[in-house]
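S.K.: Sequence:
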Amino acid sequence: MLTLSPAAARALHLAAQGLLTPPRRKATKADVLDTIRRMAQLQIDTIHVVARSPYLVLFSRLGDFSPKWLDEHLAEARLFEYWSHEACFLPVEQFGLMRYKMLDPSGMGWKYAAEWHEQNRPDIERLLARIREEGPVRSADFAREDGAKGNGWWDRKPEKRHLEVLFTTGDLMVSERRNFQRVYDVRERVLPGWDDTRDLPPRDAVLPALLDYTCRALGVVRADWVADYYRLPRRSYHAELERLAEAGDLIPVTIADWKKPAYVHRSLEALLPAAEADTLRSTVTTLLSPFDPVVWDRRRASMLFGFDYTIECYTPEHKRRYGYFCLPVLHRGRLVGRIDAKAHRTLRTFELKAVHVEPGVRFGTGLAADVAKAVKKLAAWHGTPEVTVAHAPPELVKALAGA
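Numbers in my numbering are just positions in the sequence shown, counted from 1, shifted up by 296.
It should be emphasised that the hints constitute simulated quantities derived from the structure, not laboratory data.
Computed from a predicted model, the values in this text were never measured in an experiment.
Yeah, the Cβ is synthetic: ideal placement off N, Cα and C, and Gly gets one too.
There may be inaccurate statements among the hints.
As the list claims (entries may be wrong) - When the alpha-carbon atoms are kept at most 25 Å apart in a straight line, the in silico DSS-like pairs for lysine-lysine are as follows:
id : residue 1 : residue 2
1  : K673      : K649
2  : K672      : K649
3  : K672      : K694
4  : K673      : K615
5  : K669      : K322
6  : K456      : K407
7  : K673      : K694
8  : K638      : K364
9  : K649      : K322
10 : K615      : K649
11 : K672      : K638
12 : K325      : K673
13 : K364      : K694
14 : K638      : K694
15 : K649      : K638
16 : K638      : K673
17 : K672      : K325
18 : K364      : K322
19 : K364      : K615
Unchecked claim - Taking CB as the label site, the calculated pair distances span:
id : residue 1 : residue 2 : range
20 : A410      : A552      : 24 to 32 Å
21 : W412      : Q477      : 42 to 50 Å
22 : D419      : T317      : 48 to 56 Å
23 : E565      : R422      : 48 to 56 Å
24 : A425      : G602      : 52 to 60 Å
25 : P529      : D419      : 39 to 47 Å
26 : A425      : G544      : 15 to 23 Å
27 : K615      : Q415      : 18 to 26 Å
Make a model of the complete structure from these sequences and hints.
M.R.: Next up, the structure:
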């Protein structure tokens, strides 16, 4: 059995995620879809103090690209939206794997709102019939009867909740997004070629397929990591991973200092000689979204990178340690810091509110130059080319001034 160093495990993980080497050419629309397929899914979030997370995750891997390409892939039904890790864009070939949850959403908790569905079934059915007859709708097409503005998820206009119930049951799908707002249409118009009787995969094939997608996307896995990627039931999947290994889909390895068995996905087999020789290295420096797959599992990020990361945008301000929307800084295989950033689009400025360096990281001139270059590229892509700094290491301030 191969024995790999933790650094090699990190490099393999970043290779699987498309973060081993910088892009060698200008991105194309096809690259957007290929990148999502590599990650298996792309989490959706609406916060936009910087670019919304789906676009930022793609930028971290592709560099300069047109955000409209993601929107077009959705509108062209190469992608669909559903609940997987959370609300995500998924390649359409995974629709059958998600379809079982749509057909029986009873275990999906608040994402389904079964009680609301039962209490409002006649209104929900009328809304579905209207969409089927008249065409797609947005939540914004419906006004609150009392004319007031909702105060939170508990105070939404009823049609919005009806639409979300129908989305979770798969009666409605997101046909496109307009200004990032969902446009809902009936499933048979969004995916006219789909037939449950003909196309639904065998139920017992779903879990192995989801585990294979997970292992391919992570590159290096442990049995206690795989549940989080698709929000599978929390348990060990050791037996399932052993079966994948016996089938040749996973390669058992030992990672130095890890107490639990590990596996490398077969798609990375060509990189194993370099990984075993400890010569496989990531050469990427970039900023990551808080909802990037590399960091969305706190336990995995801690084990792989020694990086303790919590998304603080949902934390009361007085309890935050680092900032509202901190972007992890990936530098040559390590997570070396986090940047609380904000894009001021009307002012065309990209503000670094605070740059936090990880303990033990020496922020020398080489690291500062690489991070400054990454920040400048991100700022330019935002259309906010002027970088302003409130708090940062002096080496970075100097590098930004000369970048």
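S.K.: Now tell me, hint by hint, if it's right for this structure.
M.R.: Against the structure, the hints:
1. For the hint pairing K673 with K649, the CA-to-CA distance comes to about 17 Å; that is within 25 Å, so the pair holds.
2. Proximity of K672 to K649 is assessed by CA-CA distance (about 15 Å); at most 25 Å being required, the pair is judged to hold.
3. Note on K672 and K694: the hinted pairing holds, with a Cα-Cα distance of about 13 Å set against a maximum of 25 Å.
4. Of the pairs offered as hints, the one joining K673 and K615 is violated, with about 31 Å between alpha carbons and a cut-off of 25 Å exceeded.
5. Under the criterion of a C-alpha separation no larger than 25 Å, the hint pairing K669 with K322 is consistent with the structure, at around 17 Å.
6. Our distance criterion of 25 Å between C-alpha atoms is met by K456 and K407, whose separation comes to about 13 Å.
7. The straight-line distance between the Cα atoms of K673 and K694 is roughly 17 Å, inside the 25 Å bound, and the hint therefore holds.
8. Between K638 and K364 the CA atoms are separated by roughly 21 Å; this keeps the pair inside 25 Å, and the hint holds.
9. Restraint check for K649 and K322: the C-alpha separation of about 30 Å exceeds 25 Å, so the hint is violated.
10. At most 25 Å may separate the alpha-carbon atoms for a hinted pair to count; K615 and K649 meet this at roughly 17 Å.
11. With a C-alpha separation of about 13 Å, the suggested pairing of K672 with K638 holds against the 25 Å cut-off.
12. At most 25 Å may separate the alpha-carbon atoms for a hinted pair to count; K325 and K673 meet this at roughly 19 Å.
13. Distance restraint check for K364 and K694: the Cα-Cα separation of roughly 35 Å exceeds the 25 Å cut-off, and the hinted pair is therefore not satisfied.
14. Only pairs whose Cα atoms come within 25 Å are accepted, and K638 paired with K694 is accepted, the gap being roughly 20 Å.
15. Simply put, K649 and K638 have alpha-carbon atoms about 7 Å apart, close enough for the 25 Å limit, and the pair holds.
16. Of the pairs offered as hints, the one joining K638 and K673 holds, with about 15 Å between alpha carbons and a cut-off of 25 Å not exceeded.
17. At roughly 23 Å between alpha-carbon atoms, K672 and K325 fall within 25 Å of each other, so this suggested pair holds.
18. Of the supplied pair hints, the one linking K364 and K322 holds, its CA atoms being roughly 16 Å apart against a limit of 25 Å.
19. Distance restraint check for K364 and K615: the Cα-Cα separation of roughly 36 Å exceeds the 25 Å cut-off, and the hinted pair is therefore not satisfied.
20. Between A410 and A552 the Cβ separation comes to about 48 Å, which falls outside the hinted range of 24 to 32 Å.
21. Distance hint for W412 and Q477: a CB-CB separation of about 21 Å, inconsistent with the stated range 42 to 50 Å.
22. The supplied range of 48 to 56 Å is met by D419 and T317, whose beta-carbon atoms lie about 53 Å from each other.
23. Take E565 and R422: their Cβ atoms lie about 55 Å apart, and the range 48 to 56 Å holds.
24. Judged by the Cβ atoms, the range 52 to 60 Å given for A425 and G602 holds: they are separated by roughly 55 Å.
25. Between P529 and D419 the beta carbons are some 33 Å apart, a value that contradicts the proposed interval 39 to 47 Å.
26. About 50 Å separates the C-beta atoms of A425 and G544, a value inconsistent with the hinted range of 15 to 23 Å.
27. With their beta carbons about 36 Å apart, K615 and Q415 fall outside the hinted range of 18 to 26 Å.
In the structure shown, a violation is registered for the earlier hints numbered 4, 9, 13, 19, 20, 21, 25, 26 and 27, in ascending order.
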